[in-house]
Each structure stands twice: as C-alpha cells, then as structure tokens.
Amino acid sequence: MDALNFFANVDWSEIWLATGDTFIMLFGSLFFTVLLGLPLGVLLFMFGPRQMFEQKGIYAVLSLIVNILRSLPFIILLIVMIPITVLITGTSLGVAGAIPPLVVGATPFFARLVETALREVDRGIIEATQSMGASTRQIIINALLPEARPGIFAAITVTAITLVSYTAMAGVVGAGGLGDLAIRFGYQRFQTDVMVVTVVLLLILVQVLQSVGDKLVVHFSRK
Amino acid sequence: MIEFQQVHKTYRVAGRDIPALHPTSLSIDNGQVFGLIGHSGAGKSTLLRLINRLEAPSGGKIIVDGEDVTAFDASQLRSFRQQVGMIFQHFNLLASKTVADNVGLPLTLAGELSRKEIDARVAELLQRVGLSEHAKKYPAQLSGGQKQRVGIARALSTRPKILLCDEATSALDPQTTASVLQLLAEINRELNLTIVLITHEMDVIRRVCDQVAVMDAGQIVEQGPVAEVFLHPKHPTTKRFVQEDEQVDEAEQRDDFAHVPGRIVRLTFQGDATYAPLLGTVARETGVDYSILAGRIDRIKDTPYGQLTLAVTGGDMDAAFARFAAADVHMEVLR
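Protein chains in written order, with the numbering used here: chain A, 1 to 223; chain B, 1 to 335.
The shape of chain A in the complex, shown without the other chains (with noise of 0.2 Å):
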C-alpha cells in the first residue's frame, strides 16, 4: 500500500501528455535526421578516401561541418540554434521549437554512422555492380544501401535512443515531453515521485527502441 501512496499526487493526465509529447518529437526528429543523414552519409562516404569519387577537398569541408557539429555540447547547441529554429517554425517552445536542433544535433552523429556501415560494405560487391554496367546511381540504391541495411538499422536504432537523451535535454528550453516533465515537476518541485515515473518510462522507451532495433538488424543480415 505504501508503494501506492508514494505515487497517489501523480498527475497521469499530464505523464501521458508529456509521453506523447516525447513521441512526437523523437520520432518527427528521426524522421527529419534519416532523410537529412542518410544522403549526407553517402556523400561522406563517396567522396571519401580510396572510394569511388575520392575527392580530398570536398570531404575535408564536409567532415569539417559534420566534426563541429559533433563536437558541440547539445545544450549548447539548443541555445546557439534558437534563432534559426524561430525562423524555421516560428517558436523555439514547445515540441515544434525542439524538432530543428534535435535534428541538427543528430544529423551528423546519423551521417557518420552511415558513412561506417556503407564502408562495411566488401569493395567487391561494387566492382561487381560496376561490371554489369550500373550507374553511379543504381550501385547507390541496388547495392549499396541494400548490402549496408543491418548497418543503417543498427545506426538508426543507436541515433533514435540518442535522440531520446535529447529530448530529455530539450525540457530545459521548455520543449515539453517527459525530460520537461522531471525537470519542472521531479527537480524544480523536489517531486520524487514524477521523476522516478519519467525515468521508468524513459528506461521503458530505449529498452524497446533497442530490441526493435536488434530484430531488424538480424532480420536483415540474411545470415
């Protein structure tokens, strides 16, 4: 009984708005950093050394942006964009203002991820392609990206709990979903309770973001 006292001040109503908060934004960034990233790894990994379109200048400056992106702290990074995401969607609060720096935060982190699994990829197999007479185009999209999926679904899986930490994060500029929820309540309100709720559902979220992850990584692999 004691274990239900300890949580009987628990807001659900505002838990279950603060998951679906956390959903959206994990998912529509996710969204935003596959479509952005996954070209971008490709470009990495084209023009980068001994591949196809070695070409030293051009991935020094892309590996440049992608390295100072990287390397800034995402909280700082949250601040630093907050014009640029007013100018993109109109407010830097709430779940919209959170989406364009959880993507800037985690497309680079995607894109190196992708450049790996591509370079995973047996040298090979493209020399094969080539030999049929594919373009630079078709070894893109019927080899490569086919041969390297276990790889992009491990990166994607590895990206989306990190966004998850993300989104946790992005509650200190008031973007909402569960992280805004332990700050305010759990931290700010010395709440207990609501923290441990948050933190069990974040644990929850990555738990099952991981294994889905791993089941298409081995459905894939086709070993």
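Think of the hints as simulated: they come from the structure by calculation, not from any bench. One or more hints might be untrue.
[What the hints assert, rightly or not] As a list, the in silico DMTMM-like pairs of lysine to aspartate or glutamate whose alpha-carbon atoms are at most 25 Å apart: (1) B:K137 to B:E124; (2) B:K137 to A:D11; (3) B:K136 to A:D122; (4) B:K137 to A:D214; (5) B:K97 to B:E117; (6) B:K301 to B:E186; (7) B:K61 to A:E127.
[Unchecked claim] Incomplete in silico selection of chain B near chain A, CB under 10 Å: (8) M86; (9) H90; (10) N92; (11) S132; (12) H134; (13) G151.
Note that beta-carbon positions come from the ideal geometry of N, C-alpha and C, so glycine has one too.
Fit chain B to the known structure of chain A by using the hints.
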C-alpha cells in the same frame, strides 16, 4: 576479337609510379578460352580489368570487335559492360538479395526487360547451372561451388559475348573446381562465348583453356596454344608452373637419375599417338631396352597426351631415336 595494342598501366602510389603492366600487345579470338597465368602481382588481374575498363589504361588501345573500348564515354561504357560478364574469386554476390534476385540484377539494371521476362530468364539460367531449387535462398545459405554457379548465371544473364573470370576457382576445393571448370567449358562450347580467365594454377589452364599467356612482373613472357606451352615450356616462370602442376622437382629428379645407366630421353605423345603401341614396336625392331623413370598420361582440355622419361640401353639407339622422331612423337634427349 579482343585486341590489346601496346596497352600499359601505371599506378601512382605515394608519389611514385609503379608499373603494373608494361606495354603489351595481345589478341584473343572469339569463342576461345584464353588463360592468363601468373603469380600474384604479375599484372594478370590488371590486364583482365582493362578489358571491361574497371581499370583505365595509362596508354594504348583496347579494341573489342572493332570498337575502341578506351574511347568509350560513360554511357557507351555502361552498355559495353552489359555485354561483358564477369565472375570473381569471392563471388561478390549481394548478401541482401536472393539467388534469383542476384541472377536478375544485371537485367534489372539494364532496364530493358519486364519483370516477367526477367523472371523467365532467371529461371532458365538457374536451370542451366543446376540451382533451380535454390532460387529463393540467400547466398549465405549456399556452398562455395553453388555461389560461383550463381555468379556464372548472373554473369550470363545479359547474354554477353565475353566472360571474364577473375580467379574464379581459387577459393574452391579441387572437386568443386573441377565441376565449375566443366560448367565454364560447357558454356564456352554451347554459347560460343569468349572466356578470358586468370589463375595461378596450371591445372585450371590445362583443363579448359585453348590458349595461354604466362605473365611475370607486368609482362607476358610466353604465349601459345596450351598443349605447346604446357608440354614444351621455355620461360623459367612457365617451367615452374608446369612443375608445380606435375609436382616434379627437376633438381631432385636429376639426382635420382644420376645412377641410371644409358641415355635418358623424354617422349611426349599427343592425340592419337598417346595410345599407339610405339615403344614395343621400336624395341623389337632396334633391340633397345627401356626403363621408365617417370611418366604421366593425362588430358589437355579434350586432347589426351602422355609424357614418359625413359632410360634407353643396348641395341641400335640411333635407329630407335630416328623411329621416335619419324612417329608423331616429340623427343627431347636429356642426357
């Protein structure tokens, strides 16, 4: 016909030019199985990849059926490559696609046939290489020999005129090698396909090739019909390859023969002569005696041959040698 005119290739590694292929001229007739043999780094892989321009030549011309491959632009090159199949040592199948999708991939990329036509062609090819019941499997579920058969089916899907084989049997065990080589010989005969293969095993050359070129340090050091090169090797590299295949050590053999009395000759029989009762006839007529020191009877592609090393004693030796020379037998006097 594939024609190399003074083709050479130089790689630039760490600011230095490394020659991979010295200026080479070569012609390969249509319908031939042409073998390139050499140790790793001899330039055979470079030469093979120049044909479908997976490697760009540093100079010279490569003419295939009257067209200059080196002058093709990107789109001409793509349609040319569709007419040149290629198989690989490590098969290079797409792990993410089924056997049927792998075989159909070149057709899908070419984009000229409908899905239905591709499926029909794939079924026909899988039947041809004996893998019909594996169509829905993924490459990881197949053995090495089966993977190479998928590779061959894939390479043949666009009905090419030329098939390039890059160490196609080097990753396979001897029995599987034999069956894959047999398949290559069959498709060469039935489809009148020109096959260019590279290998480091003389046995592969002996089983399927019509012509052979031996490569060493970026150039062709010996070339000719397989029987000629195999039975009468001239260049030291060629001799080494032949000895490796026969598992004979020349120096060791010389020591062994040191105690044997009489003259030592090596007779090479080819074709019908292989089965003629020549030795007995000559012995009766000239009174010579033989002891057989070493011997081998085998086939070079479809031609039987025999090679015997004999110690000859007594009788009229000169008359015996004259009789060998008169018969269709090649004779070398070793001592």
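We went through each hint and held it up to the structure:
Under the criterion of a C-alpha separation no larger than 25 Å, the hint pairing K137 (chain B) with E124 (chain B) is consistent with the structure, at around 17 Å. For the proposed pair K137 (chain B) and D11 (chain A), the alpha carbon gap of about 54 Å is over 25 Å, so the pair is violated. For the hint linking K136 (chain B) to D122 (chain A), the alpha-carbon distance of about 23 Å falls within 25 Å, and the restraint holds. Annotation: proposed proximity of K137 (chain B) to D214 (chain A) holds, straight-line Cα distance about 22 Å (limit 25 Å).
Restraint check for K97 (chain B) and E117 (chain B): satisfied, since their Cα atoms lie roughly 19 Å apart, inside the 25 Å limit. Taken as a hint, the K301 (chain B) and E186 (chain B) pair is honoured in the structure, with Cα atoms around 12 Å apart against an allowance of 25 Å. Proposed proximity of K61 (chain B) and E127 (chain A) is supported: the alpha carbons are some 22 Å apart, at most 25 Å. Annotation: interface hint on M86 (chain B) holds; nearest CB of chain A at approximately 4 Å, less than 10 Å.
For H90 (chain B), the shortest C-beta to C-beta distance to chain A is roughly 6 Å, which falls under 10 Å, so the interface hint holds. The closest approach between the C-beta of N92 (chain B) and any C-beta of chain A is roughly 4 Å, which is under the 10 Å cut-off, so the hint is satisfied. Hint status for S132 (chain B): violated, given a least beta-carbon distance of 20 Å to chain A, over 10 Å. A cut of 10 Å between beta carbons decides the hint on H134 (chain B): the least distance to chain A is about 14 Å, and the hint is violated.
Here the hint on G151 (chain B) is kept, as its CB sits about 8 Å from the closest CB of chain A, short of 10 Å.
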